[in-house]
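Trainee: Chains as they are written, first to last, in our numbering: chain R, 1 to 373; chain Y, 1 to 373; chain H, 1 to 290; chain Z, 1 to 412; chain P, 1 to 300.
Please note that the accuracy of each hint is not assured.
[As the list claims (entries may be wrong)] Restricting the straight-line Cα-Cα distance to at most 27 Å, the calculated cross-link-like pairs of lysine-lysine (BS3-like) are:
hint : chain 1 : residue 1 : chain 2 : residue 2
1    : P       : K98       : R       : K131
2    : R       : K359      : Y       : K230
3    : P       : K189      : R       : K131
4    : Y       : K230      : R       : K347
[Stated by the list, open to error] Computed from the model, here is a short list of chain H residues facing chain R with C-beta under 8 Å:
hint : residue
5    : N131
6    : V139
7    : A184
[Said to hold, decoys possible] Derived CB-CB ranges, DEER-like:
hint : chain 1 : residue 1 : chain 2 : residue 2 : range
8    : Z       : N42       : P       : I109      : 44 to 50 Å
9    : H       : V20       : Y       : Y13       : 33 to 39 Å
10   : Z       : A411      : H       : F137      : 52 to 58 Å
11   : H       : K281      : P       : F38       : 49 to 55 Å
12   : P       : Y33       : H       : L134      : 32 to 38 Å
13   : R       : T367      : Y       : Y13       : 55 to 61 Å
Since the hints were made in silico from the structure, they are not lab data.
Backbone N, C-alpha and C fix where the C-beta goes; we use that ideal spot for every residue, glycine too.
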Amino acid sequence: MAEVVLKSVEKQYPNGFKAVHGIDLEIKDGEFMVFVGPSGCAKSTTLRMVAGLEDITGGEIWIGDKCVNEVQPKDRGIAMVFQNYALYPHMTAYNNMAFGLQMSKTPKNIIDQRVREAAKHLEIEDLLDRKPKEMSGGQRQRVALGRALVRKPDVFLFDEPLSNLDAKLRVSMRVRIQELHEMLKAEGVPATMIYVTHDQVEAMTMGDRITVLNAGRIMQVDTPMNLYRKPENLFVAGFIGAPSMNLVDGEIVEMGGKVFVSIPGGVLPLPEEKAEKVRSHVGKKIKFGLRPEDIIANEVHEGGEGFVTGSVRVVEQMGNEEFIYFNAAGTQFIARVNPEQVKNIRKGEDYRFWFNLAKCHMFDLETEENLTL
Amino acid sequence: MAEVVLKSVEKQYPNGFKAVHGIDLEIKDGEFMVFVGPSGCAKSTTLRMVAGLEDITGGEIWIGDKCVNEVQPKDRGIAMVFQNYALYPHMTAYNNMAFGLQMSKTPKNIIDQRVREAAKHLEIEDLLDRKPKEMSGGQRQRVALGRALVRKPDVFLFDEPLSNLDAKLRVSMRVRIQELHEMLKAEGVPATMIYVTHDQVEAMTMGDRITVLNAGRIMQVDTPMNLYRKPENLFVAGFIGAPSMNLVDGEIVEMGGKVFVSIPGGVLPLPEEKAEKVRSHVGKKIKFGLRPEDIIANEVHEGGEGFVTGSVRVVEQMGNEEFIYFNAAGTQFIARVNPEQVKNIRKGEDYRFWFNLAKCHMFDLETEENLTL
Amino acid sequence: MKGKKYEGLLYITPWLIGLVVFTAFPFFASLFFSFTDYNLMSSPNFVGIDNYKTMFQTELFWKSFGITMSYVFITVPMKLAFALFIAYILNFKLKAVNFFRTAYYMPSILGGSVAVAVLWRFLFADTGLVNMILALFGVDSISWLGNPDYAIFTISLLRVWQFGSPMVIFLAALKNVPESLYEAARIDGASKVKTFIRVTLPMITPVLFFNFIMQLVQAFQEFNGPYIITGGGPLNSTYLFPLYIYDNAFRYFRMGYSSALSWFLFVVIMVFTLLAFKSEKHWVHYTEVE
Amino acid sequence: NKGGTDVGGGEGGEVKLRFSWWGGDERHEATLAAIRLFEDKNPGIKIEAEYGGWQGHQEKVTSQMVGNTAPDVLQVNWNWLYIFSKDGNGFYDLSTLTDHINLDNYDPALMDQTTINGKINGIPVGVTGKVFYFNKTAYDAAGASIPTTFDELYKAAELFKTNLGNDYYPMDLDQYAAFLMSMYYLEQKHGKPFINEENVINYSLGELEEGFDFYLDLVDKGVVPSMETRGAAGNVPMDQTPSWIQGKYGATYEWDSAVAKFQAALEGDQELVTGDYLTGIGNNESALAKISMVYSINKNTKYPVESAKLLEFLVSDPEAVEILGTSRGVPANAAAIEVLEGEGVLAGLNYEGNVKVRGFMGNGISPYFEDSQLQNLYRTVMEELGYGKINAAQAAEKLTSEANRMLAELAK
Amino acid sequence: MNEQDRKKLIAENDLRLRKRLARRNGINSGLRYFVLTFVGLLMLYPLIWLLGASFKSNAEIFTSIGFLPSSFDFSGYVNGWKTSTEYTFTTYFINTFKIVIPKVIVTVISVTLTAYGFARFKIPGKKFLFSILIATLLLPNLVLRIPQYIMFNSFNWLDSYKPLIVPSAFAVDAFFVFMVIQFMRGIPKDLEEAATIDGCNSIQVLTKILMPILKPALISVALFQFMWTMNDFLGPLIYISSVRKYPVSIALKMSMDASALVHWNQVIALSVIALVPSLVVFFLAQRHFVDGITSSGIKG
Ligand SMILES: Nc1ncnc2c1ncn2[C@@H]1O[C@H](COP(=O)(O)OP(=O)(O)OP(=O)(O)O)[C@@H](O)[C@H]1O
Ligand SMILES: Nc1ncnc2c1ncn2[C@@H]1O[C@H](COP(=O)(O)OP(=O)(O)OP(=O)(O)O)[C@@H](O)[C@H]1O
Ligand SMILES: [Mg+2]
Ligand SMILES: [Mg+2]
């Protein structure tokens, strides 16, 4: 039993800065919880409070059925990957990884076996005799990761554990962590994992749920798909997704019984379903949001319900896709298109961009809440 | 004039490890060069050699028209963002950034102006009075970045400068760096930039050219698109792109004058153009490569020239796209699909996956070279 | 760091000058004296290795040397351990830690003053405090200062008691151990003791090494303690080597012989120091290797 | 070279003399006052006083002698003469300055002791000798009378034990005093000095053994505390020993010039009195007396005449003598004694003792008798003897062989 | 048991646990303070005793271990300060500072420079030079005294503070050099690298980066040099002959003559006063022993 529960947890740093403003969060036993949020939003602080490294200045943290406010880190049953690695500089990679096991008096042969196995998965077998000084950034990060992986705690805390790895390695490490999670579950000793990342792919693929933090407050806790599709507020909408959702000023207008949204570059008819949700806001200003992939750049397009005309400023080619930055009535939009389907878009020229309005979001300007959910 | 030229540069570390095996590279004045490569491939080492922080054990490095082998770092006209930040712990963020300017005796008011401007762009205005100890990982990284940005050197060296930032910030920082690059060019003092990153988006969007390194050797130096579309060898093919190219064992076979490639799960007819290139390899084993987006999962699909049947193991939902992991004849493939276009794919069931063979690559097993270029 | 060769030389130039101007002459002069019968008043006559021969044939020389060795072996580890232990405790965030640090440094400020001599008498005299306390436990009074077998301990204790300077150095070193390593150790489940042994200690080995060498050297050269408390007695049981050197140099005016003694001691310390430096790579962890 | 000589070269024809001594507060104050008086009386001569405590002074003077930077006029210990001036050339030969220094005021026997190879290396400042001082209060408490013979001392020991307790002793002897006590015994018995003119030990092994046995007997009979008992208090100067301070030790065999601190150390109002030389061993008299210290003049001085003037002024000018009083012990200069006696300042333990010393100066003392190396030997031998590490015969053997060796080396 | 009850129970348990923990912590820290205080008293006792002894009579000083004097008498301080010499202790204190302050300053500078050279640069024959540096520590300096005296005499430096100060400007205190070297070798070079990129030359790297980080070590150097110089007796004694130039350490022993009556209370009173600067300096200096900060700027 290692559910992690935060009850109105607060943190004020000695210099007076209040980093966490009362967080309530329940992480279920064996759940894979991802923390995302802008830099400085208190992800690490929260993780470190769960670990017991940071005194909490308000609220309670429960692990299992114990309030751990007063419990030492070593008695909390946790393993952690530090954002700054915190490797022991005087120990080899091997000893860095073995240290925790040695402390728990694990037999030597088991330590050896686990360390070597982890090293194999982390592709650092050749480096086991090296000290941190003699390793590259990514290699150090993998040792830091290995140090946590070899252990079998109730709760894993990962603070951006893959940030310095190349894409390929990152994928395989990600899979490795997920496998571990599955394996432990299968073995009947599920481990709760809390994982901080800035990588949206990681967040979306790994998390059972994702907690979006902003400035020491929780914005939304939900499954990846819900976060993406049903952001509860403007912040989440803007934060999740890369490139991020187009968010422009708009106004709800009613014309002839039909509800439209007026945005820079055009007045677009809202589908019935959306129209219902915002009818109360007719005449009011709102934020209009649409994901880049829901804009289709094509002269004629049967799927779109409305379009704006914009001039293309930049086309970023990503190999498998293209980002088109265009300007409509002084407002910048970004569209994400398949280069195969949308050909011959040239910089500087004007095109019609069709909007898939069934996917659009509209946010109250004051409460910043999503009106279209 | 600050072109950076590496002539058979080698680096052997004191512990005997040879990190760089003779690199030849010309980076043009004002060019934006990106270094990518797996963790531990010597990106940082190379950067540090250019900076003069690491003795080079062979070859020459030229900056401008001067061999700088014996030139002190401070006289090389460089600014650098360190992978490990290396912030001055005893100085505030402000002083960390101002330090370099102070050293070059820049007038106080100009220092102040530049630091504050950079801080604004980096969104760390509120933190200028804090010491590194009191900042989050990402905030520290931004200070480290700021430290380089405030200066006007001939060469910028960035070692994974955005790795700890959230996606949104990362995009705006990326833009900021590009703007700086443009601005300096416009001002007539173009700065050469060498930029190490693991973020493929960054690499693809920022670089004029990209250098792919592996184990201390250069694999390919080319524009982003060429790297993606025309990888010169197996390594580059596998490394560039996320998720990476499907690479499976195959054999070229000829049947009735037509050339086919036989891969696990099917024998596929090669289009004429490709067939020509590999005819010499008929009967030989090769590596077959196809990007995930060139696999279309659909029962019937007019675009495909051949298909394999595979059972779906995992479907990863990314919001705007889906990754489908499927297994064909014991080999794992990954397809990248638009969830709108390909609906109702369920885990555990069998589907036909059509391959867009016009886009396929085949590699010689021995030389690992791309046969289909 | 890269650097031109002369740059480093430039930095040590002051020292090099000092070496040539201030150190070299006295050094070589004393080496020269050790081969003469120099008695300060008349000019020295070369006597070859006579002084060294005499030395090895002198009973007192061997006795003094033996005592010095045991003194070194007793005090160096004890003092280091004590200094480290107290530094470790005083490194915690305690209230009034400034006060405690000052208190613990106190004995070292007192140095070899009258007060210390008098105090030691009170502590270890037959009617002294230590015996009074022992009496509480039914132990017969011990003649700490009068019994040749015990006197060396009282002297050693004085040295251990003045553990202030290594303590301060340890403190400075402890401050340089990154906090993050302690955090990692806490997460790794290491107890306080384990953390100390496996993390703290290795991190401060450069300074531990330094303190070790310094204590070794200073213990070999200890003069004040026995000089002010026992004067070398009883029965020469605390007649440390430097006292022997001093007596010969300034009381008997046998500067030649005394120089020979000094150079003998020099060689002995050198041997130990060399051994220490040889062992260095096995246990001293440097963040920066050259 | 900024030696003593150069410093003397004052401006405007003014002569600058450096004068150094060691001592305590009383001596400093008195000497400084005397110097001021001298300067008043001798315009044109400036005295630079260089003075300090005892500790380290010898090192300082040694360095100065070696470096040729010694002051013009120095106060030195008597036996230093034989260190710094083995051949008599270490200091200025005062016999060339008799116009300014009146040597007639000194006992010729004393002058002999400062004359080396016919050269007068210094003038004696004072005479001092070992004298018995008794703690009258303690003796009274024990019901014993102040002894004049050893038998009475033995008796006192019994009374001390029975009436006061086992840790009470009628006398205290440290290692050196214990040795001197053995010599005292031998001298009284045989009437000859310890070291003869040829710088050889004057006693046979058997004689020495007897002397040492005498000391051991004193310990056995409880007359003096054993080495180990004394040592238990630490290496403490006799006057700072708690037992002395508290009156548990009834007497001391001490230099008359040092008696002040012994008396001052006594707790409460215990009374110290001067005793007679103890007798009862042989027919001879025994005593140990020596010149305490001398004034010498730097052999390199630029101003020998002025230096001599200063010297003479300090030892014989009536006003100066009065100012200086007994700050350097009872003076050796006859004129000075006369002045002081006239003033009535000569009284008290120091003077009483000194009178006894001058009454009988013993059988002569070798200049090497108090050499540090020899002193150390005496102490070591007595300590080993006292701790039972060696017996009296071995002690005699050791003392003789080593002392003769050292003497030979010293006299070389 | 319903959910609410369960929660309540857990909460109660938790409260109890926390109280117990708090109590144990309390005991723990109580014990810690007790031990610290007890041992601390042992350490402080000499000073306390000294303070008391400065009011005692000679006899009481040598027979009583208690610190309370039977009566308080400040004459020790008053007379002691006046001294039996032409000067008061004020002069001697000023003299001491004339030696100590420049000496500490030049020591810190020369030692830091030398250590920097050794710790961070390639120097031809470095190993050999380093051995010499260490070797200079090993020879008992007793026997060096006379040659040194002769040497300083030939420089015409006698009776001035030069022999006491000038050598320190040339890093002759190998002890400190070695110490700073060891500290430097424990500091990661990353920051210095950053500084060179920022355009620092090597001396700027030293002053702007290394020295702030080495502060505790450098303060220790200054502290030790301060105290040892304050206490140094033989050096000034031998080199300085004019009473007017004496430092406190000599003046303290001015009135101590082995054969004469010594007013111990005065001697001790002055010893107490002489301790004050060292105490104050230590107390102030150690405040700079704040947490190490080196690592917070570096990731990895
Ligand atoms: N000081 C050193 N001593 C020995 N080997 C080293 C040292 N520093 C780096 N290496 C090795 O050199 C290789 C290149 O290191 P480098 O830091 O350049 O890698 P990198 O490409 O920057 O990797 P990353 O993406 O993980 O930062 C690595 O294999 C590393 O283990
Ligand atoms: N020791 C400290 N003292 C004062 N403020 C601090 C301290 N540590 C962190 N902060 C502040 O608290 C906030 C939260 O920091 P935290 O490290 O938790 O952020 P984060 O979410 O992990 O950010 P990042 O993604 O950049 O690592 C930040 O604004 C930071 O500036
Ligand atoms: Mg963080
Ligand atoms: Mg790197």
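Trainee: Need the status of pair K98/P, K131/R: alpha-carbon distance at most 27 Å?
Mentor: Violated, at about 49 Å.
Trainee: May I ask you to test the hint 55 to 61 Å on the CB atoms belonging to T367/R and Y13/Y?
Mentor: holds (58 Å)
Trainee: Are A184/H and chain R close enough, Cβ to Cβ, to be under 8 Å, as the hint says?
Mentor: Holds: closest Cβ of chain R sits about 4 Å from A184/H, inside 8 Å.
Trainee: Honestly, do V20/H and Y13/Y meet the 33 to 39 Å range at C-beta?
Mentor: Holds - the Cβ-Cβ distance for V20/H and Y13/Y, about 38 Å, lies within 33 to 39 Å.
Trainee: Sort out whether K230/Y lies within 27 Å of K359/R, counting only the CA atoms.
Mentor: violated (36 Å)
Trainee: Min Cβ distance, N131/H to chain R: is it shorter than 8 Å?
Mentor: Because about 44 Å separates N131/H from the closest Cβ in chain R, which is outside the 8 Å limit, the hint is violated.
Trainee: Hey, K189/P versus K131/R, does the alpha-carbon distance stay inside 27 Å?
Mentor: Cα-Cα ~15 Å, so holds.
Trainee: Looking only at beta-carbon atoms, does the pair K281/H, F38/P fall within the given range of 49 to 55 Å?
Mentor: violated (41 Å)
Trainee: Note whether the CB distance of N42/Z and I109/P lies within 44 to 50 Å or breaks it.
Mentor: holds (49 Å)
Trainee: Classify the hint on V139/H as holds or violated, based on whether any CB of chain R lies nearer than 8 Å to its CB.
Mentor: violated (41 Å)
Trainee: Using the C-beta atoms of A411/Z and F137/H, is the stated range 52 to 58 Å upheld?
Mentor: Since A411/Z and F137/H have Cβ atoms about 57 Å apart, the given range 52 to 58 Å holds.
Trainee: Taken at face value, is the distance from the CA of K347/R to the CA of K230/Y at most 27 Å?
Mentor: Distance of about 24 Å is within 27 Å: holds.
Violated hints for the displayed structure, listed by number in ascending order: 1, 2, 5, 6, 11, 12.
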